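Chemist: Sequence:
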Amino acid sequence: MIDNCGFLNDRTKDNTSSSVEFTLIDTLTELPIDLTGATAIGVITRDVDGAIVKEFSLSNGLTISTPTNGIIVLDKFFCDFEVGIYSLKITFTLENTDIKSYIKRKFKVVL
7 MIDNCGFLND
17 RTKDNTSSSV
27 EFTLIDTLTE
37 LPIDLTGATA
47 IGVITRDVDG
57 AIVKEFSLSN
67 GLTISTPTNG
77 IIVLDKFFCD
87 FEVGIYSLKI
97 TFTLENTDIK
107 SYIKRKFKVV
117 L
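Going by this note's numbering, the first residue of the sequence shown is number 7, and it counts up by one from there.
Derived by calculation from the structure, the hints in this document are not laboratory data.
Certain hints may be false.
Below are the EDC-like pairs computed for lysine to aspartate or glutamate, each with C-alpha atoms no more than 16 Å apart in a straight line [to be verified]:
| # | residue 1 | residue 2 |
| --- | --- | --- |
| 1 | K110 | E27 |
| 2 | K82 | E61 |
| 3 | K19 | E101 |
| 4 | K112 | D32 |
| 5 | K82 | D16 |
| 6 | K60 | E101 |
Just so we're clear, the structure is a prediction, and the values are computed from it rather than from any experiment.
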């Protein structure tokens, strides 16, 4: 599985971060992955020490906006993190619980 977002834009400290849309694509068929019935959880960690600074789940920061087209949204959130580099990781479990996938992106928090 892959997504269509090559990077995340910098986030501004003490500001509301914009939402980000991802489309999950099957790397073999190049078709969107059906997220109907899927679950998703996400975390943002500080790169310097790996500390979790924010957690997400469906209806709590993550939205599957168009399940049949593989579209998921990281909703807007208030970015009160310290200046630095952070990693976003979203884990999906599809209806077939044997299948899992990840979105992994880095971003900077700036003043």
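Chemist: Check each numbered hint from earlier against the structure, then list the numbers of those it violates in ascending order.
Modeler: 3, 4, 6
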